[in-house]
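Number of protein chains: 2
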Amino acid sequence: MPAKRITIIGTGLIGASIGLALREAGFAGLITGIDRSADELRTALDRGAITHLAQSPEKQRAAVQRADIVVLAVPVLAILQWLEQLAPVIQDGQLVTDAGSTKLNIVETARRLLPGRFLPGHPMAGKESGGAALAEAALFRGATWIFTPDTSPAAVAFSGSSQALTTEWRGWVERFGSKIIDMPADRHDEICAWVSHLPQMLSTALSALLEDTFGDDPDLRAIGGRALREMTRLGSSPFSMWRDIARTNEAPLAHTLLMLEQRLQHLRENLRTPALRDEFTKANNFRRTH
Amino acid sequence: MPAKRITIIGTGLIGASIGLALREAGFAGLITGIDRSADELRTALDRGAITHLAQSPEKQRAAVQRADIVVLAVPVLAILQWLEQLAPVIQDGQLVTDAGSTKLNIVETARRLLPGRFLPGHPMAGKESGGAALAEAALFRGATWIFTPDTSPAAVAFSGSSQALTTEWRGWVERFGSKIIDMPADRHDEICAWVSHLPQMLSTALSALLEDTFGDDPDLRAIGGRALREMTRLGSSPFSMWRDIARTNEAPLAHTLLMLEQRLQHLRENLRTPALRDEFTKANNFRRTH
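Chains as they are written, first to last, in UniProt numbering: chain W, 1 to 290; chain A, 1 to 290.
Source of the hints: derived by calculation from the structure; they are not laboratory data.
Mixed in with the good hints there might be a few duds.
Same chains, same names: a pair is fine if it fits in one copy or spans any two.
For lysine to aspartate or glutamate, the following DMTMM-like pairs were computed, each having C-alpha atoms within a straight-line distance of at most 20 Å [stated by the list, open to error]:
no., residue 1, residue 2
1, 282, 269
2, 4, 39
3, 127, 168
4, 127, 217
5, 282, 219
6, 4, 168
7, 127, 230
Construct all of the structure, not just a fragment, from the sequences and the given hints.
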């Protein structure tokens, strides 16, 4: 029996885009939204990303209990809190999935709290700014959607009738236009540290350093070109989301930062030597293949 | 008397774009091109960026001797070599200007070799790839064009009749659609280290590190999104140009690299502390004002 009710917790950019993508892909059931911001909830409803909203604790509890699939689209620490709240409510035959940016912490928590009823996911999509107002059904088209299913005996043993919903949710994600990749949660977190979290921290550090050094010096504004704009664009990312990522992926992220610090030092010590050419050659090669 | 003959040395992206911009702005005189690559020279001629080309040493010498304005649009170390060659040839009433990426070294060399006959310039424009084939008259439209005139007594004393050509060249640059800023050469080099050279080295270091860590791992390709592409785009920049910049702006660039290394270390040591919020706040502020 295909899902008839989906509850989306967190109707910001990602959650509301999932709602819009579901409807564009032909999901005809109810989509109930939960969000601590009444404005975001109202925007999601107005834009057709959800069909119902649940604001009071009683309505939220009912929306979770009646859902076939619950989608957690809030920052990582909030996902961990929701898992605690969902644990006593979610029954066999229901599925919880998420869109959290880091996965190991979430997988380990869900193994304990929702064994066999949780499908950890991460759509590699987003924008610099959040909010339901910017949501779009096409956000996930062409993007990679990673799943990090828990294959531990504890999780698999309990999977039971939630299994069919797992298959169904993967089908919806494919209909969103995403390319699905499965990998272990620790591998996900390690790769994301390199391709997403390190670039973010780098852009934040560069932007903060320039802010301290130049303030609003007009010369900087006049002279800085595309290179500067591009390398600092991520500097506008909100702390609220990245705090959770930094906390839940601290060791892999710290490792990539240390590696880059050493690389910059190497480059700095070789501004006049042939080693600088080697760095440019490697960088050129990277760009040719990626 | 306005200039009738302009000789452009280096007819790659910048040199050929200057030729096209001159013609679009109404320069009706002769534009002679000099380039060590016969292909680039031919492309520049075919595209109408130059009206004549000078390939033999004799013709090159004549093209320099007869020019009212000589424009050096080659990498910085090649500019320094050309200044040596031009010194015995250039007379009062001729002007040499350039488009080199660093200025202090060039200004000090020109003070000795071409006092009062050299106007140091730097158009803040370019593309990831070079070559006359990509040249366009509009390359400098809306861009900042920095001049770092030598105001030392030695330089000013000799300026004589080259002064009118200085004024004329500034006029052409304005007609290219550029915004002119004047500043001391050392200030130029320091700011460019921050807004151009540091972002470049950062992108090169990140790209090289990822190349060493992942090679052509397909997971990286599948997962890396806009953030990764953007932060590594400059990794495709050619060494040939950046070698000269690294050598002629070594101290300011090394300083910015060291500052960034320390900033990354600070961030790494504070992934769980309130200091991380401060970094994001500063980065957000930077983005709001630049």
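Violating hint indices (sorted, rising): Checked against the structure, the hints that fail are numbers 2, 3, 4, while the rest are satisfied.
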